[in-house]
Each structure stands twice: as C-alpha cells, then as structure tokens.
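Trainee: From just these sequences and the hints, can you work out the full model?
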Amino acid sequence: METFRFQPGETPVLLSIPHVGTMIPPDIAATMTEHGIAQPDVDRHLDRLYHFAPALGIGFLTALCSRYVVDLNRDPEGIVAQPGLDPTELCPLTSFDHAPIYRAGQEPDRAEIERRVGAYWRPYHEQLHSELRALRDRFGVAVLFDAHSVRSRVPRFFDGTLPDFNLGTGDGSSAAQPLVARLMNVLSASERYSAALNGRMRGGYIIRNYGKPDENIHAIQLELTQSTYMDEDAPYRFRPDLAAELKPGLERLMSAVVEWAWQKASGQRRAAYL
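Count the sequence shown with this note's numbering and you get residues 350 to 623, in order.
It should be emphasised that the hints constitute simulated quantities derived from the structure, not laboratory data.
Fair warning: there could be bad hints in the mix.
Cβ pair distances, simulated, as ranges [stated by the list, open to error]: (1) GLU383 x GLU540: 35 to 45 Å; (2) GLY521 x SER604: 16 to 26 Å; (3) GLU359 x PHE507: 29 to 39 Å; (4) LEU442 x GLY467: 17 to 27 Å; (5) THR380 x LEU591: 34 to 44 Å; (6) ASP590 x ARG502: 18 to 28 Å; (7) THR510 x GLY467: 35 to 45 Å.
Since we're looking at a predicted model, the values are computed, not measured.
Even for Gly, the Cβ is constructed at its ideal location relative to N, Cα and C.
Mentor: Now the structure itself:
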C-alpha cells in the first residue's frame, strides 16, 4: 500500500507535507465516528498550494494517509514537543474540538498503535531521514521545509487568532539563525499578512528530530492559517482567489530558502548542478 509520494529535487531543499493526506484504510474507517471520517483537522490543499516547488528545484515528500490514522509529526515514544499545550496523541483519539474520532470501545490499543507506526509512520520517516542525508552528502547542506496549515482559531491550543504565517524552529534549535532571519525579513516585508517566529506554534517532532544545524541539516516548520487560502469550515473548499494573493509571498519565501541553501552548498557540487 502506497503511504506517501516522493519526488527528488535538484537543490539542497526538501519540502515535507505530513498532514495533507486524507486516506483512511477501510478497517480503520470502520471504527471511526462520522466526525472522524470527516477529518476536520487535515492540512487540506497544501500540495496544491505548493505546486510551484518543483519548478524551484525543490524535492517533496507528501503523506497520503490521514493524520487520524497516525500523526507523522508526533514522537512515537509519546514525548510532547511543546509542553503546556493540550496535545493530540500519536494516533489521535479526539479532534482539535475535543470530539471523539472513534466509536466507544473501538479506540486503537497499544498493539494497533504499534502496527500503524510500522505500516504508516515508519516508511515516511525512513524516506525523510535518508533523503536529508543524501542531500547533505551531495550538497554539503540540507534544508527541510515542513509545511503545515491550521485553522486561524483553535481554542484547544491557543487563545485568540493566529498570525497568518507561523514559523517554528523549535525555539531556535533546528535551523541556523541567519537562515531564519532571512525568512523573517521576507515575511516582515508583507503589508497584507502577519507573521510570528516561535510564537504559539514553535514546531513539532519532525523539525526537532531532523534539524541538526551542527551537522549541516536545517529544519523549519511553517504553519499557515487556513483562512489565507481555503474555507476553514466544511466542505473546506480551496479558494483560488485567496491562494492567488498568497502564492507570490510564499514563492518568495521558498526562493529565499533555496538561495540560502545554495550559498552554503559546496562550490563543486553547485557547479555540477548548474
């Protein structure tokens, strides 16, 4: 069963979209509530929003399975990335609105969770791990851009309304400060969209696990508010009008990542690409 899609790029940058998948295997779907089947917390349409990435030479890795099957941005050991929040589980039991995902008595037990980690979680992370090291070995540096989206208001996790662009670097641990500063300069230039660095969304398991600046592997998480490109309520329509306004700034941001990565890449390897 195919659980992710991967396309290599020709730059030191990899785009990961771990929460865009909507596929739920029939045996798991049979145990879920209607609310669970509706998947209100999926990062919908991000693959469509970032469709320009391959043209910049960026490789991409996107999940096919829903985060309700297993959350690829959670630690398999259950360690919470951001203490103080009300986190969802590796195999979430409730939605962001605290509604049950499973029918009573049909929640996944330990054995089922371990099965899902092996079948759905591990393949994604094995590909992510191997590609980042391949990029670092090829270019001398690798940058992971972990793309997410979230409703602009989720009382379970934060008060009020989120900024439009929420950049997370694990409180500064997952990426070099000059790279982060360059990206914040790009975001700060916008008169339309607001931005925050390591605010209420500081990054999950993926960037904290793979971002190792001392080993020339840098990782950044971006949480876009869904109101910038789609309807936040069902049926969660993609909004081409909103996306058309958002994409130029998003492309400038991704171009800045690629530019910085090339500047840090080995001269010989860059020359081979050119």
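Trainee: Confirm or reject each hint.
Mentor: A quick look at each hint next to the structure:
1. GLU383 x GLU540: 35 to 45 Å: holds, 42 Å
2. GLY521 x SER604: 16 to 26 Å: holds, 23 Å
3. GLU359 x PHE507: 29 to 39 Å: holds, 38 Å
4. LEU442 x GLY467: 17 to 27 Å: holds, 20 Å
5. THR380 x LEU591: 34 to 44 Å: Given about 35 Å between the Cβ atoms, the range holds.
6. ASP590 x ARG502: 18 to 28 Å: Given a distance of about 21 Å, which is inside 18 to 28 Å, the answer is holds.
7. THR510 x GLY467: 35 to 45 Å: Since the Cβ atoms of THR510 and GLY467 sit about 39 Å apart, the hinted range of 35 to 45 Å holds.
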